[in-house]
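**Student:** Listed below are the residues making up each chain.
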Amino acid sequence: MISPGDFFILFLILCSLGVVLSVFLPERRNPLLLAWISSIAAISVLWSSGNVLLYGLPFQIELWTLPFLGTMVLQMDRLSALFVFITGLVFLPVSIFSAEYMKKYFSRYNLKTFSVFYHLLFASIVLLLIANDIFSFLLTWEIMSILSYLLVNYEHEKDENTSSGYLMLAMSEAGTIMAAFAFLLLANGSGGLDFASLKSVSAGLGDSSRWAIFLLSFFGFSVKAGLVPNSIWLPKAHPAAPSNVSALLSGVILNLGIYGILRINADILPVTQIGMGLITLFVGTVSALVGILYATIRNDMKVMLAHSSIENMGIITAGIGAGFVFTVSGYPVLAGIAFITALYHMTNHSLYKALLFLGAGAVDSSVGDRNMDRLGGLMKVMPWTGLFFLIGALSIAALPPFNGFVSEWLTLQTMLQSAALQSKAVKIVFALCGAALALTAALAVTCFVKAFAMSFLGIARTKQAEKAIEVRRSMMIPMGVLAVSCLLFGILPTYIIPVLDHTITPLTQESVVDELVPPFFTVAKSDPKFSDAFVSEFHDLGAQTGRNVIPGRGLVVLHRGTERNPVVFAMSTSYTLVVLVLLLTGVFILIRVLTKARMVTRKPVWDGGVRRLMPEMTYTATGFSNPVRVIFEAIFRPSMLDERKETIAEHFRTAINNERKEVHIVDRSVFQPIVKWIQSMATLLGRMHSGSVNIYAAYVLISLVIVLIIQALL
Amino acid sequence: MNKWVLKGLKTGIKTTLYPDKEETSPGISPGLPQGKQTMGDEAQVVSRCPTQALNHIKDMISVDYRRCIHCFRCLRGIHNPVDWDKGYEWAVSIKEIDDASRMLGKAFDHSLHIRFVDGGACGACISEIEQINKPYYNIHRLGFFITPTPREADVLLVAGPVTDHMRLPIEKAYDAMPAPKRVIAIGTCAISGGIFGPSFASEGGISNLIPADIVVPGCPPPPLSIIHGLLLVVSRKPSASLTSPKSTEGERPHD
Ligand code: SF4
Chain D
0 MISPGDFFIL FLILCSLGVV LSVFLPERRN PLLLAWISSI AAISVLWSSG NVLLYGLPFQ
60 IELWTLPFLG TMVLQMDRLS ALFVFITGLV FLPVSIFSAE YMKKYFSRYN LKTFSVFYHL
120 LFASIVLLLI ANDIFSFLLT WEIMSILSYL LVNYEHEKDE NTSSGYLMLA MSEAGTIMAA
180 FAFLLLANGS GGLDFASLKS VSAGLGDSSR WAIFLLSFFG FSVKAGLVPN SIWLPKAHPA
240 APSNVSALLS GVILNLGIYG ILRINADILP VTQIGMGLIT LFVGTVSALV GILYATIRND
300 MKVMLAHSSI ENMGIITAGI GAGFVFTVSG YPVLAGIAFI TALYHMTNHS LYKALLFLGA
360 GAVDSSVGDR NMDRLGGLMK VMPWTGLFFL IGALSIAALP PFNGFVSEWL TLQTMLQSAA
420 LQSKAVKIVF ALCGAALALT AALAVTCFVK AFAMSFLGIA RTKQAEKAIE VRRSMMIPMG
480 VLAVSCLLFG ILPTYIIPVL DHTITPLTQE SVVDELVPPF FTVAKSDPKF SDAFVSEFHD
540 LGAQTGRNVI PGRGLVVLHR GTERNPVVFA MSTSYTLVVL VLLLTGVFIL IRVLTKARMV
600 TRKPVWDGGV RRLMPEMTYT ATGFSNPVRV IFEAIFRPSM LDERKETIAE HFRTAINNER
660 KEVHIVDRSV FQPIVKWIQS MATLLGRMHS GSVNIYAAYV LISLVIVLII QALL
Chain E
0 MNKWVLKGLK TGIKTTLYPD KEETSPGISP GLPQGKQTMG DEAQVVSRCP TQALNHIKDM
60 ISVDYRRCIH CFRCLRGIHN PVDWDKGYEW AVSIKEIDDA SRMLGKAFDH SLHIRFVDGG
120 ACGACISEIE QINKPYYNIH RLGFFITPTP READVLLVAG PVTDHMRLPI EKAYDAMPAP
180 KRVIAIGTCA ISGGIFGPSF ASEGGISNLI PADIVVPGCP PPPLSIIHGL LLVVSRKPSA
240 SLTSPKSTEG ERPHD
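First to last, the protein sequences are chains D and E. Residue numbers in the first sequence follow numbering that gives the first Met the number 0, run continuously in steps of one, and reach 713 at the last position. Residue numbers in the second sequence follow numbering that gives the first Met the number 0, run continuously in steps of one, and reach 254 at the last position.
Careful: at least some of the hints might be erroneous.
[Unchecked claim] So these bits of chain D aren't anywhere near chain E, every CB distance computed over 10 Å: (1) L184; (2) G367; (3) T461; (4) R471; (5) P497; (6) T504; (7) F529; (8) T561; (9) T584; (10) K602; (11) P637; (12) E642.
[What the hints assert, rightly or not] Quick list of the computed label-pair ranges, beta carbon to beta carbon: (13) E658(D) x G11(E): 50 to 56 Å; (14) R597(D) x L16(E): 34 to 40 Å; (15) G11(E) x K602(D): 43 to 49 Å; (16) A441(D) x T23(E): 50 to 56 Å; (17) I588(D) x S198(E): 52 to 58 Å; (18) G11(E) x Q421(D): 54 to 60 Å; (19) I93(E) x L612(D): 30 to 36 Å; (20) L612(D) x P210(E): 24 to 30 Å; (21) I634(D) x P210(E): 55 to 61 Å; (22) L582(D) x P210(E): 39 to 45 Å; (23) R597(D) x P18(E): 29 to 35 Å; (24) T14(E) x R597(D): 24 to 30 Å; (25) A633(D) x S24(E): 49 to 55 Å.
[Said to hold, decoys possible] Part of the chain D face toward chain E, derived, beta carbon under 10 Å: (26) P603; (27) V604; (28) G607; (29) R610.
For the record, the hints were derived by calculation from the structure and aren't laboratory data. Since this is a predicted model, take the numbers as computed values, not measurements. Beta carbons are placed, not taken as given, at the ideal position from N, Cα and C, and that holds for glycine.
Let the sequences and hints guide you as you build the complete structure.
**Tutor:** Next comes the structure, spelled out in structure tokens:
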């Protein structure tokens, strides 16, 4: 029997093999090599982490011992395993997709470097996730940051890419420094650098260092996680990156920020202050709302998806924040549910965002444009890409039976559970955040109706969009795989929740699987937890349908309450899907039967009777999102740059030019004031430098005097 | 509290009772010339008509409603005016009314969707059509609805002589309507081109483009006539006649 550890070694070997081979093979063969090697590597790492995740066989590898830093340890516990699993799940289709996608860079950019960086990035992410001491964590974190910068900046000949790459790198380094300080504070007083010894001394830390560690780690890692206000690099990095790298960036690398936050604040040093939870919740909610607002009004597919990543990361963080608050207030069950929800949403986000980015990449490579105002009608020419993009859009818009629905529904339910809390103020915060998240969910629907409809439906707005052709099958299959996983994660929550429960049990010290997925399929007569009356009641509702045929605990997600309120929330996407399919086929057959005798005429779409429907006359993406832009004007605050009205005769206008400039709210309200303040300080200090030698001598004297005085006083 | 709610309650229902009761309010209709037995000065009356709607047939003066533009020249300023009809039920089915196949089914009786297209009208017919959707005439109470898209329309209302530019939109709208569909021509222009007639810029009536089923004469027809046309299309009211007096129906010297 090969152990998960062996598979992990296999993974490392494959990655190094990939690096070596990509250097020696000719460029032309590189994309194919990348696809083969890294997808096999992804499968091996999926196997290895899947084993840990399902059967709980954590493995440990001692890498090396440095004389002054102690032993470097790699250890895959269940939390790491989940993140590694998601990484593999995203890397597998993205690698296959890259084989065809990277061909467009042939002879323009160096494919060898891409391949080398790609394998190294894969290895560094996995190593980072299972690093179990500060040194290897920070080391792999740095390697990962730099490699992801290099990959994002792959099209380095474009100037704007270079600047957005630098922004990404700078912000990421600032975040790393903050996180490193948090680690240093943790390590202060502990014997070693490995997480276990940090954990053992963490209980003795005082409040002020706890707060410092929380703030440093949360805001430090929030750069990678793309949370407001540290998210400004994300919408700039995504359009610069090749689409497969974008898929990795949103599907994998953002998760690493979440991993960092969870690792420190839930595992090593569990939060103890309700304020920390509230900060997390608040930042998450604001990110979600700001993210989706900007996503809705952006027309570049990848910029839109980048903003939507901020939104989803916000939802995940809000879930984690709720979990923190519940933990601190002494509701481990609710905390468990909140953490499960957050991790579930993170998994889902990785899947559908990778799918959507691959879809955007497919559109980009076949049309050569990503601006939705210039797309349109792609469903006719790219039906499969369209279908997969639609599934991604439905998932991210949280519509059943796809995966986004389950986790967003659970998130909102979690927010409602705040009724159990004591403090009125906390309850109010939860209520406001819940309302904001609900608004976010609604705007997400608008955003993705727009994204799909404006790109794939209607008529083509440009020649290129009209002449687009469907992408090759090797690009379609990865999207198909992700689309199917979106569906599976949506209809089988009762199989995924127990796995996630295993993951978070070490954090909350309590398994909550019974609280979310009652074992309707396996419950024995007179189970003390699930009384016969309770079970039979749900039996009558059909919760035990398929009991002896289907494996697992059941197909119903249900949270039980008290006597007075037996069911707090319940749903079953699995049964819903069955009913949905039955109803749809029923209606379809009924309509077929009823209209068999009818004559059907087909006429062109009603176009308002115009002489010729020009693409410019159809609804544009800008027009579609305009209501949102108008309603939330106070947030967008556009400034008019140009409001020309061109007239030929006195009363006739030929054109009205409206050019607006919008500064992102975070830029406007956080970064610009900081920059301004620094600049004004600099000018203030600049006045000291008059150029006269006498004054400089005076400065030296004055400082000497001050130092002496201090010396004398001490 | 908005005042209009109170005001509405205070005012009560003012909507016309037509078609259940005859509408008799003054000014509800301008009326139509009715023709008459000649008295000897028929030549003078006939020559006053600017559109040759009046004809002298046998010993009678007949009016062709397809042409009359309500100029009142045959009523005012002469000694011996034609008889004047004060009614408003003027809509005429120009296909055989009793032909069962031409009738819309029972299902449409109280659920009729109307798409209106302005075929280059001067504005008079449009403002009259506007009225039928307003509180006084309120076609909703009869189960008639204006719809923005021809896709769900059963009846196409056309006003105006169908100018060159509106030919295509009307054709397209008619084409987009699902069967069974009916066309109602509102006003003299839509029936025969009116004072514009057929020309390089005008089709000269909707019938030259698509088959009209019902015509509502008048220049413009008052709202009640239009409602009569709609009631006629669902066979809730009988048809009037195109020419008057009845004895000369269908006969025209030029035909
Ligand atoms: S009212 Fe009619 S019939 Fe009489 S003169 Fe004028 S157009 Fe002719």
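**Student:** Against each hint, give a clear statement of whether it holds in the structure.
**Tutor:** Now the hints, each set against the structure:
With a cut of 10 Å on Cβ distances, L184(D) stays outside the contact zone with chain E, its closest approach being about 63 Å. Residue-level check passed: G367(D) sits 34 Å from the nearest beta carbon of chain E, beyond 10 Å. Every Cβ of chain E is farther than 10 Å from the Cβ of T461(D); the closest lies at roughly 25 Å, confirming the non-interface assignment. Listed as a non-interface residue, R471(D) keeps its Cβ farther than 10 Å from every Cβ of chain E; the least gap is roughly 39 Å.
Chain E leaves P497(D) outside its interface by the beta-carbon criterion, the shortest separation being 50 Å against a cut-off of 10 Å. With a least beta-carbon separation of about 57 Å from chain E, T504(D) lies farther than 10 Å from that chain, consistent with its non-interface assignment. At roughly 53 Å from the closest C-beta of chain E, the C-beta of F529(D) stays outside 10 Å, upholding its exclusion from the interface. Taking the minimum C-beta to C-beta distance to chain E, about 44 Å, the non-interface status of T561(D) holds against the 10 Å cut.
The Cβ of T584(D) lies farther than 10 Å from every Cβ of chain E, with a closest approach of about 26 Å, so its non-interface assignment holds. Distance check on K602(D): its Cβ comes as close as 6 Å (rounded) to a Cβ of chain E, failing to clear the 10 Å threshold; non-interface status is violated. Remark: the non-interface label on P637(D) is consistent with the geometry, its nearest Cβ contact in chain E lying 32 Å away (cut-off 10 Å). Every Cβ of chain E is farther than 10 Å from the Cβ of E642(D); the closest lies at roughly 32 Å, confirming the non-interface assignment.
Checked against the given bound of 50 to 56 Å, the beta carbons of E658(D) and G11(E), roughly 54 Å apart, stay inside it. About 39 Å separates the C-beta atoms of R597(D) and L16(E), a value consistent with the hinted range of 34 to 40 Å. A hinted range of 43 to 49 Å for the beta carbons of G11(E) and K602(D) is consistent with their spacing of about 45 Å. Between A441(D) and T23(E) the C-beta distance comes to about 54 Å, which sits within the given range of 50 to 56 Å.
For I588(D) and S198(E), the Cβ-Cβ distance of about 56 Å falls inside the hinted range of 52 to 58 Å, so the restraint holds. In this structure the hint that G11(E) and Q421(D) lie 54 to 60 Å apart at CB holds, the actual value being about 57 Å. At about 34 Å, the beta-carbon gap between I93(E) and L612(D) stays in the expected band of 30 to 36 Å. For L612(D) and P210(E), the Cβ-Cβ distance of about 26 Å falls inside the hinted range of 24 to 30 Å, so the restraint holds.
In this structure the hint that I634(D) and P210(E) lie 55 to 61 Å apart at CB holds, the actual value being about 56 Å. A beta carbon spacing of about 43 Å between L582(D) and P210(E) agrees with the range 39 to 45 Å that was offered as a hint. In this structure the supplied range 29 to 35 Å holds for R597(D) paired with P18(E), their Cβ-Cβ distance being about 32 Å. A C-beta distance of roughly 38 Å is found between T14(E) and R597(D), which places it outside the suggested range of 24 to 30 Å.
At about 52 Å, the CB distance of A633(D) to S24(E) agrees with the hint of 49 to 55 Å. About 8 Å separates the beta-carbon of P603(D) from the nearest beta-carbon of chain E, less than 10 Å, and the hint is met. For V604(D), the shortest C-beta to C-beta distance to chain E is roughly 8 Å, which falls under 10 Å, so the interface hint holds. The beta carbon of G607(D) comes within 8 Å of a beta carbon in chain E, closer than 10 Å, and the hint placing it at the interface holds.
About 6 Å separates the beta-carbon of R610(D) from the nearest beta-carbon of chain E, less than 10 Å, and the hint is met.
Violation of the numbered hints given earlier is confined to hints 10 and 24; the remaining hints are satisfied by the structure.
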